[in-house]
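Participant: In order, the protein sequences belong to chains A and B.
Going by my numbering, the first sequence opens with residue 1, and the numbers climb by one from there.
Going by my numbering, the second sequence opens with residue 1, and the numbers climb by one from there.
It is worth saying that the hints were derived from the structure and are not from the lab.
In this text the structure is predicted, and so the values were computed from the model without any measurement.
Watch out, some of these pointers could steer you wrong.
Below 27 angstroms or equal to it, Euclidean Cα-Cα: the simulated DSS-like pairs (lysine-lysine) are [unchecked claim]:
| id | chain 1 | residue 1 | chain 2 | residue 2 |
| --- | --- | --- | --- | --- |
| 1 | B | K69 | A | K284 |
| 2 | A | K195 | B | K121 |
| 3 | A | K69 | B | K193 |
| 4 | A | K197 | B | K58 |
| 5 | A | K193 | B | K121 |
| 6 | B | K121 | B | K95 |
| 7 | B | K121 | A | K197 |
| 8 | B | K195 | B | K121 |
| 9 | B | K193 | A | K197 |
Footprint (simulated), chain B over chain A, 3 or more residues, beta carbon under 8 angstroms [unchecked claim]:
| id | segment |
| --- | --- |
| 10 | 3-11 |
| 11 | 171-182 |
| 12 | 237-248 |
All C-beta atoms, glycine included, are put in the ideal place defined by N, C-alpha and C.
2 protein chains.
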Amino acid sequence: MSILRSDRNPIIKPEDIKPSRPDFRVIGVFNCGVTRFHKEVLLLMRVAEMPVNPNPKKILVPEMDIETKELNVIEFDKSDPSVDYSDPRVLKTSKGKFLTSVSHLHAARSKNGIEFNIDDKPAMLPENEYEKLGIEDPRITYIDDRYYVNYNAISDITGVSVCLASTKDFKEFTRYGVIFMPDNKDASIFPEKIKDKYYALSRPISPEFGEKDIWLSDSSDITAWGNHRLLMEAREGYWDSAWIGGGAAPFKTKEGWVEIYHGVSSDERYCLGAVLLDKDEPWKIIARSEKPIIEPEAPYELRGFFGNVVFTCGALFEEGVVKIYYGAADTYIAYAEIKLEEIYKQMK
Amino acid sequence: MSILRSDRNPIIKPEDIKPSRPDFRVIGVFNCGVTRFHKEVLLLMRVAEMPVNPNPKKILVPEMDIETKELNVIEFDKSDPSVDYSDPRVLKTSKGKFLTSVSHLHAARSKNGIEFNIDDKPAMLPENEYEKLGIEDPRITYIDDRYYVNYNAISDITGVSVCLASTKDFKEFTRYGVIFMPDNKDASIFPEKIKDKYYALSRPISPEFGEKDIWLSDSSDITAWGNHRLLMEAREGYWDSAWIGGGAAPFKTKEGWVEIYHGVSSDERYCLGAVLLDKDEPWKIIARSEKPIIEPEAPYELRGFFGNVVFTCGALFEEGVVKIYYGAADTYIAYAEIKLEEIYKQMK
Chain A
1 MSILRSDRNP IIKPEDIKPS RPDFRVIGVF NCGVTRFHKE VLLLMRVAEM PVNPNPKKIL
61 VPEMDIETKE LNVIEFDKSD PSVDYSDPRV LKTSKGKFLT SVSHLHAARS KNGIEFNIDD
121 KPAMLPENEY EKLGIEDPRI TYIDDRYYVN YNAISDITGV SVCLASTKDF KEFTRYGVIF
181 MPDNKDASIF PEKIKDKYYA LSRPISPEFG EKDIWLSDSS DITAWGNHRL LMEAREGYWD
241 SAWIGGGAAP FKTKEGWVEI YHGVSSDERY CLGAVLLDKD EPWKIIARSE KPIIEPEAPY
301 ELRGFFGNVV FTCGALFEEG VVKIYYGAAD TYIAYAEIKL EEIYKQMK
Chain B
1 MSILRSDRNP IIKPEDIKPS RPDFRVIGVF NCGVTRFHKE VLLLMRVAEM PVNPNPKKIL
61 VPEMDIETKE LNVIEFDKSD PSVDYSDPRV LKTSKGKFLT SVSHLHAARS KNGIEFNIDD
121 KPAMLPENEY EKLGIEDPRI TYIDDRYYVN YNAISDITGV SVCLASTKDF KEFTRYGVIF
181 MPDNKDASIF PEKIKDKYYA LSRPISPEFG EKDIWLSDSS DITAWGNHRL LMEAREGYWD
241 SAWIGGGAAP FKTKEGWVEI YHGVSSDERY CLGAVLLDKD EPWKIIARSE KPIIEPEAPY
301 ELRGFFGNVV FTCGALFEEG VVKIYYGAAD TYIAYAEIKL EEIYKQMK
């Protein structure tokens, strides 16, 4: 597999982002949707922040006050035996489960696709009870002169759901609320109708039977979805053996729809691969990557807030080349190019 | 609370139902949807069957072969240490999780609402991969000369999802597939549009945050659903403290929409209560039962395949009286009447 990682990788780092408030620090800028916007490449990035913590005996976690819609900082003692901070991403306490960071969405723009100007202000901040613990992992789909943005909304009240918004300028956003009920994440919307229906991928979870697979849904209006069907499952013995989830918004090729998705192995290593879906009947799988397209190898992919992770929410397909923007180690944004024919060669 | 249980309770028992095949026995006939059909009361009942098992050293579990769509019987040794049969409903094995029984839907008809003629043949049998381990807990909603039936579809491949079908005669059914992705169950559809939208309740599960609450969704066409909103949560210190789920299809009263739902306490005792929703804005809760309407008290509610359970999928509201058909101890169908005003009295 011949893949070109940018020699500027990681192309965006936490220190490139201004915190959304002075008492927060940016600990990660990673999973990002991507689109062409006014001839530039526009990224809508997940920015994760933690409260600045001057006291090493304490743990500070952010949480929205549902009444005021303000983010508060809650303090826990590290010496409290009921506080479990073994997972760097999650804090388990007698008061419930918190995320150690809170994410919002932030835009960056580039003429050459590598060097980005980062907006001063966040594009979207969490603002309601579904988004109480943050908004994450946006995907962008351009339809009828509008950019649709779906993202994961995290809340200890409502769980993990997929929400939809749209924008024309990446400054003002219209929210449509929850399109896929909890727990569901990693949705992506196809950029055009196929025989009068929009299609979307998503990844519902079945706690009862331990399933975390990719489903396909259809819609007449992008906001109400039905006809939900299991599309593809994790594969025993492969790089995507433990669970899978959608990645970039699918793009159309001569051969069909290509979806770059993530697969996770039993040791929680996140890789990227592709699936080719029938052009007219996207519930039919034509081929699937035998091996990953990208796997964690570079230092910035191996080490970070949560290492051994490559994860994409956006890719551009231009002149036969797939340009993948991806989160590395839940900390950075990196960039890689791969020819579509290379992806096809490794599919079965 | 003045509630009238029928002195014929349980009104339908397992021995009243002919098994769907000679090597199966009926172990439960319980949660049922209800409607008026040709002036009769029609129940669509969940019938649970187990393979007849002549060998006490074995455990036999039913499972659909996805290729042939036939139900097979799989055999496990009780002496196998990897087989866990501590829960009577579920068998955990090294080959995965099975249900010990498989459910289908079966119709019964009555002129007086108490004495039922039971159809010879099942109305709906599991028939696809979403229904691999059975179909359960139907609710009926009559809209535009059609009876819509939503039910829980159980599968170790796809999880627990809510499926929709419709019928005009309870003999031929049109399936619309999955309307709410896994894990979700206990949906019920409102019988009429409210300001141009259909509404439905459902109960998604968030494994990530342990939430099992009732949500409200809307739709233009009954098959594609969006605008999903958290409607109501379990209440600490109440009869519905552990989790809740929708029950009968909501019915309209002068004061608003009444939903009879089930609430579960931390010791897994299932009771029934009611919630009153605003007539025009059903996402607004006006009042909710302080105490259960029905709680397991009668012998047939306390003891059975899974005891301490009253659970409804259907109620008729006629002349000020709520006529509740309910599953008792996951074994029987029972009947009770309660005046609407009695329900209102205990609400807050």
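Participant: Evaluate each hint against the coordinates.
Facilitator: Hint-by-hint comparison with the structure:
1. B:K69 <-> A:K284: holds (20 angstroms)
2. A:K195 <-> B:K121: With a Cα-Cα distance of about 39 angstroms, the restraint between K195 (chain A) and K121 (chain B) is violated, given a limit of 27 angstroms.
3. A:K69 <-> B:K193: violated (32 angstroms)
4. A:K197 <-> B:K58: violated (50 angstroms)
5. A:K193 <-> B:K121: violated (42 angstroms)
6. B:K121 <-> B:K95: violated (32 angstroms)
7. B:K121 <-> A:K197: violated (37 angstroms)
8. B:K195 <-> B:K121: violated (40 angstroms)
9. B:K193 <-> A:K197: holds (23 angstroms)
10. 3-11: Coverage by chain B is violated here, the residue count being 0 at a Cβ distance below 8 angstroms.
11. 171-182: Our answer is that it holds, as 7 residues pass the Cβ test (under 8 angstroms) against chain B, meeting three.
12. 237-248: Violated - the segment 237-248 of chain A has 0 residues with a Cβ nearer than 8 angstroms to chain B, which falls short of three.
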